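Make the full structure from the sequences, and use the hints.
Spelled out, the chains give:
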Amino acid sequence: MIALVKTNYRDEPCFDETLAEHPDFPRLIALKIDVQRRGVSYTERAQNAVDPEIHQLRSPYIFGSRDGEIKPLPESLLLRDGTTILTDPTPLDQDPYIVDHIDGRFALIDRGKLLETVELWPKPAYYDKTTTSGLPMSHIVTARPQRLNVFQSSFCYFWTEDQGCRFCDIVTHTKQQRKQLGVPNRLRPEDVRETVAEAIKEPGRFTNLCLTAGSVIKGPRLFDHEVDFYVELLQAIGENFRTKKFPSQLIASAFDEEQLARLYEETGLTSYTSDLEVFGEEQFDWICPGKAKWVGYREWRDRLIRAVDIFGRGNVGTGLVGGVELAKPHGFKSEKDALDSTLSEAEYLAERGVTTVYIVWVPRPGSALCGQKAPSLDYYIRLARGLQDLRVKYGLRVDFDDYRRCGNHPDSDLARLQ
Amino acid sequence: MSIPLWAETLELLGDPDTVKVLATVDANGDPHAVVKKSLHAADDGKIHFLEILEASESSRNLTASLWFDRRVAILLFGKEGRQVQIKGKPVKYHISGHLFLDHYVKLRERLGDADLAGVWVIDPEEIIDESFSVREARHRAEHPSFIHLDRIAKPLGETGA
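Quick mapping for you: the protein sequence lines, in order, are chains A and B. Those letters in the first sequence? Residues 1 to 418, by our numbering. Those letters in the second sequence? Residues 1001 to 1161, by our numbering.
The set of hints was computed from the structure by calculation and includes no laboratory data. Quick caveat: nothing in here was measured; it's all calculated off a predicted structure. Incorrect hints may have been included.
As the list claims (entries may be wrong) - Partial selection, computed: residues in chain A whose CB lies under 7 Å from chain B:
| hint | residue |
| --- | --- |
| 1 | P26 |
| 2 | G82 |
| 3 | P145 |
| 4 | P203 |
| 5 | G204 |
For glycine and all other residues, C-beta sits at the position ideal for the given N, C-alpha and C.
Structural data, given as structure tokens:
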């Protein structure tokens, strides 16, 4: 006789046990972290309750999902405090949270227990429209509950030399989206201008714009063509506003001062983010070989610091893929060492006016680190608290990348109390 | 635990002449009180108010109260001296969706170029009649010995002295 034994996907304390160790940490933010860490699976009942007329379904995104599929499922969830959870469909054998529909409301369930009622993201009005060129506007500019995303191009030149960041699936996902949805490789500024014009007709719906894409190393100087694309795009978007500057975030490569000055002076851009992804030179060289080869850790960091002189304190940030510093085989062996190292480097940057945020590492199927597991909820709680404490200590705001203007950083969710 | 609003409370909340004060505490227990004209009874039986300033102290404190399950207080002061205090918990913050958008549009129709950060929902848990006559009667009944003796002394001439 063969005994079937169900093994735990993760051998770790449960949510309530972990949270009990952190009485000063908001339960809803801890829940957000854990849902991002473990992903979600929608029951059939929940899927049947989704109304494509009012709920936003998954639209083109820069990264793929844990199940590696593109399906018409809800884009994501909102908690009752206005906190956004960005998460994606996850196979059941990876122990995701369950989203069910009970008594007329969507609910997050874990091990049969209802933890919170949630809302699905509301569909923006412009999602039903097409551009003059005939493209669905939802393929040009995607929405979060309060932000517009412009993914100018989902191609990253680091991948051409097999030097893409190890956690990233950008190119794998781009190919899948192009094949299955017909999403264009690169956006035309006129399509973006037209879509943004339509999107901001909806009263009270959006508070900022975020532009991002893969790195483009080409040009007379490194990244010149990437800067050209963004300038052109931001200028086209800017035609929709009566003010020169409009609330916006660019997440891009580490540009030099001349390139940054050009972006600041020639466009309406108000903030600049360039992701180091992981702190520490040794980790960076391993996790981000393309960034390490073309710029290098110290120079990437120095460029961030120099950007503060152009965009101002509180308007420059860097993003981490939180937890990837513990990836095998070269990552830290203990969560404590990883946390100490990460917060120490974040403090170095905070002292110099650069704020640090993290996203929860999801080892996606299209990435080099697929099959690994993200660290514990306890680790992410400590990381969120540590990064936010640094902002308080150094008087740094993160208005451009907070719970509302982004929604993907548990640490900047905490800035609501700052 | 959530309780229904009294008819008188609903009347006070609906009267534009009522002074409505919201009192909150921050994460460290520091108090803050401010007039919030937009406090109103909503169809869901809860009290809603419109937060115009996204980074206001009230909004920060309400977030802390929602996160850490703490109560806030609302004082309603009617034009004829009626006072009602409501204690409750913030349970939801609408930053998008139909309810938010509806308020956003109406607010701008009323105030012109105004912004709306969100709509807070407060679940009433306790309602206290704070009108002076009621408080005084309650006080007298509960603490009959809290009185200066001269107030109960016999008038001069009636004593045996």
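Against the structure, the hints:
Because the closest C-beta pair between P26(A) and chain B is about 4 Å apart, less than 7 Å, the hint holds. Among the interface hints, the one on G82(A) holds; its C-beta lies about 4 Å from the nearest C-beta in chain B, closer than the 7 Å criterion. Using the Cβ-Cβ criterion of 7 Å, the hint placing P145(A) at the interface with chain B is satisfied: the shortest such distance is roughly 4 Å. For the restraint placing P203(A) at the interface with chain B, the shortest Cβ-Cβ distance is roughly 5 Å, inside the 7 Å limit, so the hint holds.
Given the 7 Å rule on beta carbons, the hint for G204(A) holds: about 3 Å separates it from the nearest Cβ of chain B.
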